[in-house]
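A.B. asks: Starting from the structure of chain A, add chain B where the hints point.
Number of protein chains: 2
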Amino acid sequence: MTDSITISVDAMGGDHAPRAVIHGAHLALKERKNTRFIFHGIKDQIEPLLEEFPALKAASIVRHADVVIAMDEKPSQALRKGKGTSSMWMTIQAVKDKEADVAISGGNTGALMAMATFCLRPMEGISRPGIAAIWPTLRSDIIVLDMGATIGADAQQLVDYAILGSALARALFDSDSPSVGLLNVGTEEVKGLESIKEAGKILTEASGAGFTYHGFVEGDDIGKGTVDVVVTEGFVGNIALKTAEGTARQVATYLRQSLKATLMSRIGALFASSALNALRRKMDPRTVNGGVFMGLNGIVIKSHGGTDEIGYKSALGLSYEMARSRLMDKVGDTMHRFPINRAAPEQPTDSEAKSA
Amino acid sequence: MTDSITISVDAMGGDHAPRAVIHGAHLALKERKNTRFIFHGIKDQIEPLLEEFPALKAASIVRHADVVIAMDEKPSQALRKGKGTSSMWMTIQAVKDKEADVAISGGNTGALMAMATFCLRPMEGISRPGIAAIWPTLRSDIIVLDMGATIGADAQQLVDYAILGSALARALFDSDSPSVGLLNVGTEEVKGLESIKEAGKILTEASGAGFTYHGFVEGDDIGKGTVDVVVTEGFVGNIALKTAEGTARQVATYLRQSLKATLMSRIGALFASSALNALRRKMDPRTVNGGVFMGLNGIVIKSHGGTDEIGYKSALGLSYEMARSRLMDKVGDTMHRFPINRAAPEQPTDSEAKSA
Numbered sequence: 001m002t003d004s005i006t007i008s009v010d011a012m013g014g015d016h017a018p019r020a021v022i023h024g025a026h027l028a029l030k031e032r033k034n035t036r037f038i039f040h041g042i043k044d045q046i047e048p049l050l051e052e053f054p055a056l057k058a059a060s061i062v063r064h065a066d067v068v069i070a071m072d073e074k075p076s077q078a079l080r081k082g083k084g085t086s087s088m089w090m091t092i093q094a095v096k097d098k099e100a101d102v103a104i105s106g107g108n109t110g111a112l113m114a115m116a117t118f119c120l121r122p123m124e125g126i127s128r129p130g131i132a133a134i135w136p137t138l139r140s141d142i143i144v145l146d147m148g149a150t151i152g153a154d155a156q157q158l159v160d161y162a163i164l165g166s167a168l169a170r171a172l173f174d175s176d177s178p179s180v181g182l183l184n185v186g187t188e189e190v191k192g193l194e195s196i197k198e199a200g201k202i203l204t205e206a207s208g209a210g211f212t213y214h215g216f217v218e219g220d221d222i223g224k225g226t227v228d229v230v231v232t233e234g235f236v237g238n239i240a241l242k243t244a245e246g247t248a249r250q251v252a253t254y255l256r257q258s259l260k261a262t263l264m265s266r267i268g269a270l271f272a273s274s275a276l277n278a279l280r281r282k283m284d285p286r287t288v289n290g291g292v293f294m295g296l297n298g299i300v301i302k303s304h305g306g307t308d309e310i311g312y313k314s315a316l317g318l319s320y321e322m323a324r325s326r327l328m329d330k331v332g333d334t335m336h337r338f339p340i341n342r343a344a345p346e347q348p349t350d351s352e353a354k355s356a
Numbered sequence: 001m002t003d004s005i006t007i008s009v010d011a012m013g014g015d016h017a018p019r020a021v022i023h024g025a026h027l028a029l030k031e032r033k034n035t036r037f038i039f040h041g042i043k044d045q046i047e048p049l050l051e052e053f054p055a056l057k058a059a060s061i062v063r064h065a066d067v068v069i070a071m072d073e074k075p076s077q078a079l080r081k082g083k084g085t086s087s088m089w090m091t092i093q094a095v096k097d098k099e100a101d102v103a104i105s106g107g108n109t110g111a112l113m114a115m116a117t118f119c120l121r122p123m124e125g126i127s128r129p130g131i132a133a134i135w136p137t138l139r140s141d142i143i144v145l146d147m148g149a150t151i152g153a154d155a156q157q158l159v160d161y162a163i164l165g166s167a168l169a170r171a172l173f174d175s176d177s178p179s180v181g182l183l184n185v186g187t188e189e190v191k192g193l194e195s196i197k198e199a200g201k202i203l204t205e206a207s208g209a210g211f212t213y214h215g216f217v218e219g220d221d222i223g224k225g226t227v228d229v230v231v232t233e234g235f236v237g238n239i240a241l242k243t244a245e246g247t248a249r250q251v252a253t254y255l256r257q258s259l260k261a262t263l264m265s266r267i268g269a270l271f272a273s274s275a276l277n278a279l280r281r282k283m284d285p286r287t288v289n290g291g292v293f294m295g296l297n298g299i300v301i302k303s304h305g306g307t308d309e310i311g312y313k314s315a316l317g318l319s320y321e322m323a324r325s326r327l328m329d330k331v332g333d334t335m336h337r338f339p340i341n342r343a344a345p346e347q348p349t350d351s352e353a354k355s356a
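Order-wise, the sequence lines are chains A and B.
With full-length UniProt numbering as the guide, the letters of the first sequence map in order to residues 1 to 356.
With full-length UniProt numbering as the guide, the letters of the second sequence map in order to residues 1 to 356.
So that you can see chain A by itself, here it is in the shape it has in the complex (with noise of 0.2 Å):
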């Protein structure tokens, strides 16, 4: 049998906290059996939901924590309210303190990245994190960063991206040499922003080192997977993200419309019940939930914060995976072997996560 892995995981975070999170880990644990939890909250709302789950109580520890961090607190309130004491701190406080292969949260997202960057701090050469969303392509899973951790980002921090991104290829991908592409608006090298172009022009020299600089790629091609990790600032990632889960909710209900809509189109449905629900499985969003934080000493993920049980055993399903396939050690090697000297890391700041 291979060496457990350990999830801290924050018991309070998200809509339907500690329910959904309690009942996600116990079909997460069915699924992978040597999976450890650690549930950080409220002693008297968890262990009663532990008690319906002796496999899953079993394989827990419960540690108390009074101080719950509320979705639309500012991440600046959030470190003065919680640090040190409530269940999201120390829920990445147990990575940081090696307790822990790797922390989640479904929490405020802002509040999530503040707390990481303050408890974690960012990694050497690395001047600020990323969040890294695991995108399903025609082709295959790829990365796309950074989704919203921070607004804006200059030549440098794209290039961080690119590695942090390209790390996170390999570790889950089993890719060696993943293919980068930053996102612009057009493919001809005349067009998009100056910190796009500059960055392009760094990746293409240190193309090799750990990846692939494909070159410029268009929103389209991030659904047909024309590359591996897909490279953008924050503000555009998150857009992208909603923008193609809310395109997906629109075909579907125009699905669900059209084969409701005659008697023919009913039965057909019924035949093609079976393929249909497949179909359904595979656009599920809970079936792909977690954004990766990159780029700190060790690895935290965020789950949606309205998720159910589903949505939660996923998340808790990459945890383990990021954990298993060490990714720290990825991203380690990949820097290592990225040819070019970065500036040396910022001091994190409040106001760098406050926009996430």
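These are calculated hints, taken from the structure and not from any lab test.
Computed from a predicted structure; not experimentally measured.
Treat the hints with caution; some may be incorrect.
[Claimed, not checked] Within a straight-line C-alpha distance of at most 25 Å, the following computed BS3-like cross-link-like pairs (lysine-lysine) qualify: (1) B:Lys260 x A:Lys282; (2) B:Lys224 x A:Lys224; (3) A:Lys260 x B:Lys224; (4) B:Lys74 x A:Lys201; (5) B:Lys282 x A:Lys224; (6) B:Lys57 x B:Lys96; (7) A:Lys260 x B:Lys260; (8) B:Lys224 x A:Lys282; (9) B:Lys282 x A:Lys260; (10) B:Lys282 x A:Lys282; (11) A:Lys197 x B:Lys96; (12) A:Lys74 x B:Lys197; (13) B:Lys98 x B:Lys57; (14) B:Lys260 x A:Lys224; (15) A:Lys74 x A:Lys96; (16) B:Lys57 x B:Lys30; (17) A:Lys74 x B:Lys201.
[As the list claims (entries may be wrong)] Computed footprint of chain A on chain B; a stretch qualifies when at least three of its residues, placed anywhere within it, have a C-beta under 8 Å from a C-beta of chain A: (18) 212–226; (19) 233–241; (20) 245–258; (21) 273–284.
Even for Gly, the Cβ is constructed at its ideal location relative to N, Cα and C.
C.D. replies: Below, chain B alone, put in the same frame as chain A:
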């Protein structure tokens, strides 16, 4: 019978020009019989195509233009080469000269924007033009702009887009006070870029003057149709549009694969075939083809360059409706009702359109 609408057409614009253009005009004329066309381009190529369609030939004038702007020419090059002489320039010039009600081209977007801006000039009170898309949503069609006329926008420019988009919504959707949202990464007031926050303040004060300000919207609000007009800066708008196109194609491919997977699903697809065909038509990107250049002294429509005659038919129909609904009057009226003095228009420069 109503007065006819005259469309000035760049017969040489797009990958399949002039054949797809002329065939598209033939289809458009069948739907809207009081359309008149002025085709600009190489006579020896256009006239033989018109011989196939006597009704179209009778409704058309052909103006010879030797110079054709290539898809990969920079806007500045295109202006130097084609000012006054190219099919693209002459197409726009016909609107300036009041010979036509609206101009359309499937050519190079950056060149078209540069020429349109140079020839028609921005409207008084609008600092620079934007490109609006008509976006199908679960509720109804909505307007999203800017789709990439310019990269970056300050608060005043976002406000200009809100005015222009509202006017377009009033012209196309018969809505007296369309709702306007600013695209942002979160709906809380705390989030987002300074320019967006500042624009939000101005629009809050001006709400009621030809539009109703809704507040911030996120990427998934586009597909939901939360508001009638979504305002964003051009880089983000372009990425959002192409990401949505890519996602729609991705889901359509999944559906096709699912329905082919088993014998039962193939039987189901047969029963549901007319419903599935209706869905296919609904999702066909050719049926919503055409970006509208807003903020100039005249209407210019950009068709997708890669589209076929069906796409041109849609874009020509859109052109017709713009002219018929007196879009320019509605823009003037919306600007007139807006309570805040706007900055004087800048002189258009080539670099503004370079990135489009």
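A.B. asks: Check the hint pairing B:Lys260 with A:Lys282 against an upper bound of 25 Å on the C-alpha distance.
C.D. replies: With Cα atoms ~15 Å apart, B:Lys260 and A:Lys282 stay inside 25 Å; holds.
A.B. asks: Three or more residues of the segment 212–226 of chain B near chain A by CB distance under 8 Å?
C.D. replies: Held - the segment 212–226 of chain B has 7 residues with a Cβ nearer than 8 Å to chain A, which meets the minimum of three.
A.B. asks: Measure nothing beyond the straight line between the CA atoms of B:Lys57 and B:Lys96; if it is 25 Å or shorter, mark the hint as holding.
C.D. replies: Cα-Cα ~24 Å, so holds.
A.B. asks: Okay, the segment 273–284 of chain B and chain A, do three or more residues pass the C-beta test at under 8 Å?
C.D. replies: holds (count 8)
A.B. asks: Just to make sure I understand the rule, a stretch counts as covered if three or more of its residues have a C-beta closer than 8 Å to a C-beta of the chain. Does the segment 233–241 of chain B meet that for chain A?
C.D. replies: holds (count 7)
A.B. asks: Holds or violated: are the alpha carbons of B:Lys282 and A:Lys224 at most 25 Å from each other?
C.D. replies: holds (21 Å)
A.B. asks: Please work out if B:Lys282 and A:Lys260 have their alpha carbons no farther apart than 25 Å.
C.D. replies: holds (15 Å)
A.B. asks: Just to make sure I understand the rule, a stretch counts as covered if three or more of its residues have a C-beta closer than 8 Å to a C-beta of the chain. Does the segment 245–258 of chain B meet that for chain A?
C.D. replies: holds (count 12)
A.B. asks: Verify the proposed pairing of B:Lys224 with A:Lys224, using a straight-line Cα cut of 25 Å.
C.D. replies: Status holds; Cα separation ~23 Å.
A.B. asks: Sort out whether A:Lys96 lies within 25 Å of A:Lys74, counting only the CA atoms.
C.D. replies: holds (23 Å)
A.B. asks: Just to be careful, I want the Cα atoms of B:Lys74 and A:Lys201 compared with a cutoff of 25 Å; is the pair within it?
C.D. replies: Distance of about 21 Å is within 25 Å: holds.
A.B. asks: Is A:Lys74 within 25 Å of B:Lys201, Cα to Cα?
C.D. replies: holds (20 Å)
The structure does not agree with numbered hint 11 stated previously, though it agrees with all others.
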